[in-house]
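As you go down the protein sequences, you meet chains A and B in turn. Per this note's numbering, residue 2 is the first one in the first sequence, and the count goes up by one each step. Per this note's numbering, residue -12 is the first one in the second sequence, and the count goes up by one each step.
In case anyone wonders, no lab produced these hints; they're calculated from the structure. Since we're looking at a predicted model, the values are computed, not measured. Mixed in with the good hints there might be a few duds.
[Stated by the list, open to error] According to the in silico footprint, chain B covers these stretches of chain A (three or more CB under 8 angstroms from chain B):
hint, segment
1, 42 to 49
2, 99 to 108
[Said to hold, decoys possible] Ranges of calculated distance between the beta carbons of each label pair, as one might list FRET restraints:
hint, chain 1, residue 1, chain 2, residue 2, range
3, A, D78, B, I(-1), 26 to 32 angstroms
4, A, A18, B, F26, 25 to 31 angstroms
5, B, S(-4), A, G10, 24 to 30 angstroms
6, A, Y71, B, I(-1), 24 to 30 angstroms
From the three backbone atoms N, C-alpha and C, an ideal C-beta is built for every residue, glycine too.
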Amino acid sequence: RKEVEQDPGPFNVPEGATVAFNCTYSNSASQSFFWYRQDCRKEPKLLMSVYSSGNEDGRFTAQLNRASQYISLLIRDSKLSDSATYLCAVRGGGFKTIFGAGTRLFVKA
Amino acid sequence: GAVVSQHPSRVICKSGTSVKIECRSLDFQATTMFWYRQFPKKSLMLMATSNEGSKATYEQGVEKDKFLINHASLTLSTLTVTSAHPEDSSFYICSATSGRDYEQYFGPGTRLTVT
Chain A
2 RKEVEQDPGP
12 FNVPEGATVA
22 FNCTYSNSAS
32 QSFFWYRQDC
42 RKEPKLLMSV
52 YSSGNEDGRF
62 TAQLNRASQY
72 ISLLIRDSKL
82 SDSATYLCAV
92 RGGGFKTIFG
102 AGTRLFVKA
Chain B
-12 GAVVSQHPSR
-2 VICKSGTSVK
8 IECRSLDFQA
18 TTMFWYRQFP
28 KKSLMLMATS
38 NEGSKATYEQ
48 GVEKDKFLIN
58 HASLTLSTLT
68 VTSAHPEDSS
78 FYICSATSGR
88 DYEQYFGPGT
98 RLTVT
């Protein structure tokens, strides 16, 4: 079983749609959780950290369920510029970060 | 935010040659650096963890004699792909942490093509 698993995608949605990304992790000792955005042929950029209490940043909402070892990202009112690959990432001790395979999002006009 | 650079950004080399990739933290001291490899349409795969002044810790399946990592200073780590082959063609990305905050800063990546 992979350490971090994501929906394979791709997701094709119209502008304005709400889209949800899901991620599960296998190591219950994982300490911190993140969503990254990666554009084609670029390095990943941190989108947001994920906390058990849930956190929101504008149109983006992230949630962590430690009991289920599940992480989610919700994008509301999607824009064309949201088209990218979204990577779930899990970090244990020592800053070692493991990434999911990513889910490609295409937002179309 | 903190800046991490990589050099070169793109390199093409012949099969059998060695290629060195540099990762530098420009405005902070990086106690730990990480090297990732990403094949097309695949995720970032952690290759090794590099701590300044000590030997790198390699992930399972990564050949330490083929991928030489040196972290000689708090601002520089190098990855040398020895005797490169076409299957080593990939996007190599480094990241660095200072240990003072919780952030992991990524370099812009190096695209290696082995012909």
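Now for the hints, and whether the structure bears them out:
| no. | hint | in the structure |
| --- | --- | --- |
| 1 | 42 to 49 | holds (count 6) |
| 2 | 99 to 108 | holds (count 5) |
| 3 | D78(A) <-> I(-1)(B): 26 to 32 angstroms | 42 angstroms, violated |
| 4 | A18(A) <-> F26(B): 25 to 31 angstroms | 30 angstroms, holds |
| 5 | S(-4)(B) <-> G10(A): 24 to 30 angstroms | 28 angstroms, holds |
| 6 | Y71(A) <-> I(-1)(B): 24 to 30 angstroms | 42 angstroms, violated |
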